[in-house]
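Q: Heads up: the sequence lines are chains A and B, in that order. For the first sequence, UniProt numbering assigns the number 1 to the initial residue and increments by one for each residue that follows. For the second sequence, UniProt numbering assigns the number 1 to the initial residue and increments by one for each residue that follows.
Honestly, the hints are just simulated from the structure, not real lab data. A few of these clues could be false.
What the hints assert, rightly or not - Pairwise CB distance ranges (calculated):
1) M711/A - E23/B: 51 to 61 Å
2) E399/A - E227/B: 37 to 47 Å
3) G148/B - P158/A: 44 to 54 Å
4) V186/A - I243/B: 50 to 60 Å
5) R8/B - H763/A: 21 to 31 Å
6) E227/B - Q122/A: 51 to 61 Å
For glycine and all other residues, C-beta sits at the position ideal for the given N, C-alpha and C.
The chain contents come next:
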Amino acid sequence: MGVQGIGARALRKEDKRFITGKGRYTDDMVLPRMTYAAFVRSPHAHAKIKGIDASAALAMPGVEAVLTGEQLVGDGIGNLICGWMIHSKDGSPMNMGAWRALEPETVRFVGQAVAVVIADTQGQARDAADAVVVDYEELPAVVDMSAAMAPGAPQLHPEAPGNVIYDWEIGDEAATNAAFDSAAHVTRLDITNNRLVPNPMEPRAALADYDTAEEHYTLYTTSQNPHVARLVLSAFYNVAPEHKLRVIAPDVGGGFGSKIFIYPEEIVALWASKRVGRPVKWVSDRTEAFLTDAHGRDHKTEAELALDANNKITGFRVKTVANLGAYMSLFSSSVPTYLYATLLSGQYDIPNIHCNVKTVYTNTTPVDAYRGAGRPEATFLVERIIETAAREVGMSPAEFRRKNFIQAFPHQTPVIMCYDAGDYNATLDAALKAIDYDGFPARKSEAASRGKLRGLGLSCYIEACGIAPSAAVGSLGAGVGLWESAEVRVNPVGTIEVLTGSHSHGQGHETTFAQLISERFGVDTDAVSIVHGDTDKVQFGMGTYGSRSGAVGMSAIVKALDKVEAKAKKIAAHLMEASEGDIQIEGGELKVAGTDKKLSFTEVALAAYTAHNLPEGMEPGLKEGAFYDPSNFTFPAGTYACEVEVDPDTGKTEIVNFVAADDFGKVINPMIVEGQVHGGLTQGIGQALLENAAYDENGQLVTASYMDYAMPRADDVPSYNLLTTETICPGNPLGMKGCGEAGAIGSPPAVINAITDAIGNNHLSMPATAEKVWLAAQPGLSQAAE
Amino acid sequence: MYETTYHRAGSVADAASMMASAEDGKYLGGGQTLLPTMKQRLAAPTDLIDLAKIVDLHGISEAGGAVVIGAATTHAEVASSAVINSKLPGLATLAGGIGDPAVRHKGTIGGSIANNDPAADYPSALVALGATVKTNKRELAAEDFFTGMFETALEDDEIVTSVSFPVPAKSAYSKYPNPASRYAMAGVFVAKGADDSVKVAVTGAGQDGVFRVGEMESALSSNWSPEAVAGISVSSDNLLSDIHGSAAYRANLVTVMAKRAVAAAG
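With the rest of the complex left out, here is chain A (with noise of 0.2 Å):
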């Protein structure tokens, strides 16, 4: 591959086994007298288990075990946890409900594991769940967030009465509410935020396997984050001490935050490979991963908008209630709170700030962060009520933004955030530049003469990413650290090692973190391997998401780099008997400036393993650690614009341009970036026109498989035109910000901003599906949109 620093359009040095289906996922892995698992799972909503008849079953062919959640209660497996304590306004803890792997009194969710049969094959363990007979009694059922919190409805825990979980507030109510009575203008709206199914595309799956003589547990997960796996699995479920317990996330296909999780088959992989004494891998099939991977979003929200008589926003207030389904997965509590409302100053300048978030439990699958978690509920909420403010007092909604946007850095608004750095105004040229917005109006008129209705919307989104100091989310309720660790092993020969505690689940790290390399010694991206993933090579890592591991994780490489090369020149300076202020390291080379006297990367690191010439005390080999933890959050931010024609025939929406200016601070490898955005975007506008997870009153998902859940393909998205403009982050030595999340994050409002213009109706839920465009463009049948 050569030499290839920061800024290069390197080709990934991982797709070669990708491509080739060469990729080594959980499933791949076969070990000997491995025996398969297959969960029972409730079909019913909301249940009483009365019994578990599991005698047929058992005397199915080659079924070793069913095992229920009484025995795994017995055994002291623990309950699921939520890793971050929100309290409510009134100063109480959240009101959390039991968790438990497999369920043995009272099903709350279709899908929840009532247990487990383990078989020698998949097929003798799958005819076996079936053949397992559990006598339910229902129970009504509580589905819509609104219905779950009225006087009378079903109760899903004891622990939580009205099925309220928390009811929590950021900002100044008072000071917010004075803004609004002083207010020239007050824009209201109300805002659905559609709940989503992730869909990575290799579904979860477990290899568990005890060792009986060691009593040593070792874990083949899809995590996007194994040592955080490893610590919850032995610290909190009981299965194992950390020392017995090696967790392995190796190729992973795809993850947005559903893989970030522990789950029910994990621990019951892990707790029944010890009972029955033989490993057991549990591959989720299609529909389980529908019914079962925590979903995201589902918000609805009331805000209004306070503007004073020149257009400049004086207030917003905003009243949430998110739906967290039947249980609080591991860091649900904290995506509509501090990931959410913290971000609700947008890229304005906004004095007050007041949000109320209510979270209530359902009977539906437990929802938790998804690609964004948070953020894009925060953006698509701030840029559709900009832009519906702009429309109502008659100014551009370009020139609206530019009136309201923060000018100077640091900026701290009311909701905890303070914004590093930024250049509002540059992302916002250069999209208006790119989509021609002078010459929309033109273009509006050429559509109409064929029938089209043509609009233009706008989003500027900013999200917190690299998330971020840990004594601050500590002081939020987080149960983490979110610090990143790293490890540089020089070999004798010059090749170059890096354990990460990041985790690759297709962003590209064995090809950017080596970038990161090549640039600082001038060594080949081929010498660099990364290793990730294996908490038995990787000493700790927190693993991967959030917008984090460019920001966090490869700064923690940074600085075990610096330690690398200080170590290296000293070796150096000392073998060229130079000053080790003079040595400069250039094209893998060490070198004494201002001389031709020179050293190879190679002989400098060999030199540091044979040690039979090191400066006086200094210890042998070239290997150094570190941990980062960053001052601060991240603020990538930028500027969408989007072009639709709608058909009002049909009310078929048509993507005919996007462009999106981005702003990621330093970027390593623009094609990476690219990617990024490219899949960003296309699930950003998968959330505005397509997807929906949809319950009937009963508690089916009706959409648990994609007959019926529209994910977005190649002919539903245009040929994206990305830009990128460059303010530095100053919280980290790259200057990096993230672009992991920002395409999902700033894309539905841009979407939806320009069907509503098209069709001269700002009453559109998402998705923008056909039938409902189709009726909002058609006068009289507005609100049936909605």
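Go by the hints and put chain B onto chain A.
A: This is chain B only, laid out in the frame that chain A set:
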């Protein structure tokens, strides 16, 4: 998937005798509906009798003013056939818009019509073109073959061998796909026969599967133009209604797709 026994039939007679000796057998065409259904454990035939390798069931030929398509001919073969593109352009469009490339290279015309999914594309073409379905036992007019949602006149052991389409003067198909499955939410096939008779058949929208729209046929008989059908709407009473589209929306789509099909037919 439950355990099943796979049989590859070498001839139609061979297939029929395999079915006779199977406990609960199913004929397998391209498997694009049956296999996913089995994988979801919603169907559990003891025996699968594969018809796709029977040589006699393959091929497209033209004779005596009709185009005959063997039952095991794939959608991709129909879509790319020179004969079909020249004589039955509407059918080529239809076949080229079924599912995705993988489906089109495995799925067969015989399998599709024998399944008679109410949202499948082919039934509309057979009805509008007045096709004849040939089986190993008899010949059936298309309108007698399709009897309701997922229902046909086929007996359990009967095998579709070919479909014969009279060559029309004009034909075209226009569909609005379901955004998730890409099946038809409303697909309209219009045909003007060699004898100037007009037929308009709709798939995807009706609760009982494919149906004809007499009012559109009359209007087009006297005035073959998109405008002739623009003002004609079907009643939404017997139309499907689901999360993807209400009956009223599907009724609108029927009119819009009919207009577009007539325009495409020229």
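Q: With reference to the structure, classify each hint as holding or not holding.
A: A quick look at each hint next to the structure:
1. M711/A - E23/B: 51 to 61 Å: Distance hint for M711/A, E23/B is violated at roughly 38 Å.
2. E399/A - E227/B: 37 to 47 Å: 44 Å, holds
3. G148/B - P158/A: 44 to 54 Å: Since the Cβ atoms of G148/B and P158/A sit about 50 Å apart, the hinted range of 44 to 54 Å holds.
4. V186/A - I243/B: 50 to 60 Å: 35 Å, violated
5. R8/B - H763/A: 21 to 31 Å: 57 Å, violated
6. E227/B - Q122/A: 51 to 61 Å: Cβ of E227/B to Cβ of Q122/A: about 59 Å, so the range 51 to 61 Å holds.
The structure is inconsistent with the numbered hints 1, 4, 5, although it conforms to all the rest.
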